[in-house]
Structure formats: C-alpha cells, structure tokens
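Chain by chain, the residues run as shown.
There are 2 protein chains.
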Amino acid sequence: PNTAAMVAAEQHLDILTKPPGSLGKLEALAVRLAGITGEVKPSFTERAVIVMAADHGVCEEGISAFPAEVTPQMVLNFLTGGAAVNVLARQAGAKVNCVDIGVNSDLSHPDLISRKVRYGTANMAQGPAMSREEAEKALLIGAEVVENAVARGVSLFVTGEMGIGNTTASAAIVSALTDISPLGSVGRGTGINDERLRHKIAVVERALKINEPDPTDPIDVLAKVGGLEIAGLTGVILAAAANHCPVVIDGFISSAAALLAQRIAPESANYMISSHVSNEQGHASLLQELGLQPMLHMDMRLGEGTGGVLALHLIDAACRIMAEMATFESAGVSSAEPATADEDGQ
Amino acid sequence: PNTAAMVAAEQHLDILTKPPGSLGKLEALAVRLAGITGEVKPSFTERAVIVMAADHGVCEEGISAFPAEVTPQMVLNFLTGGAAVNVLARQAGAKVNCVDIGVNSDLSHPDLISRKVRYGTANMAQGPAMSREEAEKALLIGAEVVENAVARGVSLFVTGEMGIGNTTASAAIVSALTDISPLGSVGRGTGINDERLRHKIAVVERALKINEPDPTDPIDVLAKVGGLEIAGLTGVILAAAANHCPVVIDGFISSAAALLAQRIAPESANYMISSHVSNEQGHASLLQELGLQPMLHMDMRLGEGTGGVLALHLIDAACRIMAEMATFESAGVSSAEPATADEDGQ
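Chains D and P supply the protein sequences, listed in that same order. For the first sequence, the working numbering gives the first residue as 2, with consecutive numbering after it. For the second sequence, the working numbering gives the first residue as 2, with consecutive numbering after it.
Among these hints, one or two may not hold up.
No more than 27 Å apart at the CA atoms, straight line, and that leaves these computed lysine-lysine pairs for DSSO-like [unchecked claim]:
id	chain 1	residue 1	chain 2	residue 2
1	D	Lys96	D	Lys42
2	P	Lys96	D	Lys26
3	D	Lys42	P	Lys96
4	P	Lys138	P	Lys117
The hints are simulated quantities; they were obtained by calculation from the structure and are not laboratory data. Source: prediction; values computed, not measured.
Bound conformation, chain D alone:
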C-alpha cells in the first residue's frame, strides 16, 4: 500500500470537525482506502460483485439442508435479478457478475460468464476434490474476470458465491491451513440440525485424513479439499490486489478464499476490506486469523456476497467523510483544549 497516502489521510482526518478518532472504523477504512488507491479522497463509481458458482461432490455425503439442484436454480435467479444479492447490489449501485466456474449442469444465459472448469468437484471425502491443474485454472479464471472488469472501469470488488456444499469445503480449507479444528470450523451452513452437524464434522475430518493436504502449499489445499468457486474467488482477490482495487470480503466461504489468497501472497491482505461477521461457526475466528475487523454484526449466513454489498455503504461513507467534511479552521470550531491535547491520541 501507499504509505504516504495513508499518512496524508490520517492528517486530513485529524483536521476535520470531530474529536480525533471518533469515527472509529470509518476512519481506519478511509486510511486503508488511501493506502490501496494512493488517493486521500478516493471514490468508487463502478463496483462489481463477482458471484462464483460451482457444485461440490461432497454433497453425496448428505452435508447440506438443500439439494444440489439449488446451485443452478440460484444461478438463474442471480441472472434474472431476484436473489438477495441482486436486491442489495442494486441498492449499493453495484453490478452482479455471475460466473459458472463449475456448476454440475449446463447453463446458458446472455449475462452468464461461462467458464466451467469441470462439472462440479469430486467427493473430497473419497479423494481429491480436483486436480492441481484444475485449481490453478479456476484461480486464473477469477483473475481474468477481474482484469476484464477493471478494463471496463470497475475499481471496487465484492466477493460472492453460490454452491450447495461450500461451507463444508471452506471448513476443510480453514482446518487445513490453521489451528482451527473441524469442531471450530464446521457450521450449520444453510441450516442443519445437530445430528447432521456432527456428520458434517466427521466428513471434513475424513476429507482431511484421506487427502493429507499440505498446509504449506495453499494450492494443494485448494485442490484437495476446496471448491471451484473458492478457487475462483481466490483469483478474484489476488487480481483485485494486483490492480490496487479494494476487495470486500463477504462471509465464511469468501473468507476461506481470502485466507488462501493471503497464504499465496501475504501482501494481498492489505487490499481486503472486511464487511460482516456471519452467523456461520468459524467465521469470527477466521477473520481474526486474517487480521480483519468486521463492521457489520448482522447474524447473516446467506453468502452470495450479501454481507459484502451492505458494506459498500460504509465504504461510500468513509469516502464522503474525506471529501465533504468541514475542517476546524474552515468551520471556525475550537479544537480540544490545550491542557488536554495529550488526551487526543488515544
């Protein structure tokens, strides 16, 4: 990041008519955005949610409350604008870019970005989810989608995904790469009961035992226990960072992709904006692992990018604060009393 711009942003924040630091995470966000863009007063006119969709062979194990056929059905819902992410993206002035990177059926729609790597992953509870080559191919597709969007003028990205079974793959990735055990990483996803939750934990444990993913090799982890949409999102995050664009990380699955991106290129973490902490077990610890501070506590657990697009309003708020607020001097407002000037740094 551009540290000179970050220092300039901090200095600007301190002359605005408010007690120093009193806008909390909004100020931290403004400073991060300056570091990412190199501008003290950035603005993001074109913003896109990249929704990567793929299926998961592990659904054979009965780990989800919803049938796998919901993946292609929801892709069509994204394309006709009826899903939650469409509604919330419209509100935030963002376009939804839907990518078929591995749905287990043939899909066709003029607005669909068709980049199917394979018809869903294999069942990771019985062997690797995909080959290393497939994982790399999916990563590059994510990067390509971002490059194309940047060429169209997009300067702010939100990660989103659809894939019945993908909280299972995400939990396996998190447990493979961190000290968080499946008991801490596996959650209820779209809504399973205690019995199925125990089963889901056992499935993740089995996938990790059978595949032995190498924790020092994120691509190995991605290929063996990951998913095609997770690989695509990892590519999205890395390419957004490479293009000096902020990328808003949605929920648990997006955060698993963020963890992979951080392990592949640690510098990419500087470009990640945390949005919300979801209700999915493991998300809070995962964000801590990433050093990200969520702004929204909505108890959401939908994915798609829904929490991410809500955070766009907060990014806009940070930008407007930098661009529009009066200074102590311009407004003729007294600053903190000299005797207590030392109190302002906290």
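Following the hints, complete the assembly by docking chain P onto the known chain D.
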C-alpha cells in the same frame, strides 16, 4: 405494534429464495418495521435526523476534552452542512433538523429551529440541572418537532445531539435509572485521559448524591441530572412512537434518552431501531438494558446522529428485501429437502 403485519412479514420472508432466517437481523428488522407501520412492504421516502443542541452547567467541573464554546460552533457547522452527520445524512437521503433547545449563547440562522428553554443547564454537581417544568417543556418541544416533521411527510426519524458535557449527564441518567454504577456508565466522551476519567466518575457520583433523583420518576431524573437536548430527544422518541414511525437510536446519549422514553412509556421501545454500539463505555450495557441489538460495530463515539444515519442503509436494505426478492415459486428454486424440513426453524 401491529402483530398481524408482523406475522404476514414473517410468512413473506419464509417464501423468499434464501434459507429461512439467513438474513439475520435484516429479517428481524423487516418484521419490526411491519409491526411499526402495519405494512409488510413499507418504504420511507422522507427521513429526518433531529439534532438537539444544548449546553451543560457541569462543564464547570472540567469533565470534557473540549471547551463549551464548541456547542454553538458545531450548531453552525450543522447548519452549513459541514459536520459528519450532514455528510452521512446526505448519503442516506435524510434531512438534518437542528434544534437549539438550550445552547448557552444566542444563535440565529434561517434553518435553525430556535426553541431555547434556557441558556444551558445548571451545574448538576451543585444542584438540580433544571426544574421539572423546564424538563417537561423540553420534552414537549421534542414532540412538537416530530409532529411538525410528520405533517411534512417524514415517516422515519434518527436521533442526534450536540452538547459538550452530555456524556456526563447521560451517565448520570443511566446510573440513576439502572444498576449500572458510574464506574460502568462513565466513559471518555470526546477523549479524556485516565485522570480526568476518574474525576468525571466522581462528578457523576456527586451529582447523584446531592440531587437524589427518584429512580421511579424518569422526569425527576431528567430534571435533576439530565440535559435539555436529552429531554428533547426523549420527546422525539415518544412522539415518533405515538405516530407509528420508526426512530433510529444513535449512540450513548441518544440511548440514555431512549431509556427515559422506555421508562415513561414502555411501549415506545417497540418503535426504537438500534443502529450501532459505540465505543463509549456503558453503551453496550445500556443497549442490553433496552433489549436493543445493534447492527453496526464501528467503534464510533462522535454522536450527532452519525451512527444512526449509517443504519438508514440497513433499514432501506430490509425494505428492499421485502419488496424486490423473488420467491421460491416465482424463481423455480427448490426449498430445503423434506427430510430436513425440521431443521429450518432455527
């Protein structure tokens, strides 16, 4: 609240293309808004932030990092549109209504609502902050401002305030009305150091000891250890509730007003929308006391209504979800598998 509309809202939420309950607090908010307005798909075109401004005699005790002259200076900043609340209100399509309910100097501006009850409160560390009559007058002014706004078509309110010294008065109110002691209710306000924090706690303890406010009589508490802007906001909240309008509660000071409103008319709590939990010590416990669940965790501590206006985007999001999302039937999406239907209720 309209319970039939709430039930209808819950039923509508459950046919939308998402796992039941997966939008978390956004769904709870949609249900509350239905209860408040009687409409399953409400929308709020005209929204106003009511910023009540007043001074505090207790500033004589040296409890703030900023001099009292900042109160009138910031009022002018609100009127010329340069303060943080102006910037964030513009973003959310809300108008800022600034009320001089007790600033300790003469102010004049065409957009200022001039309803000065007195030139600031008296020093509560030496006697009552104001008379009971003055507290009641300030309450009614808050109600009057809301009635006038409702007549202009406003249907959604945000509370805001300005008054150097008002975290001290708010802490005294909270400690007078609840089991939270001054050690738990007094915070750093605009930014004081440890030494001044200890002094501020002692000042609040003294104010409570000298005035002996009656915890069963919220108006007595308001008069003896409150503030004119806090009384005004209490009136705003009560009148918004009486007009079946949601009222977004901002930070610590607004929440102290909300506590008073709830003690005067418990039913008014059904009309309060919590926005954020601030960094001011005591706010989290105060929200718990009120049974409100904040959506934003921004570490903000500015007041003015800044956290409240940020929450307007979340209210809009809840409204759009109700109005625009596709249903399982309309989008042709399968719902949870029958075998696991029992899992959906959580």
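Hint check against the structure, violated hint numbers in rising order
none
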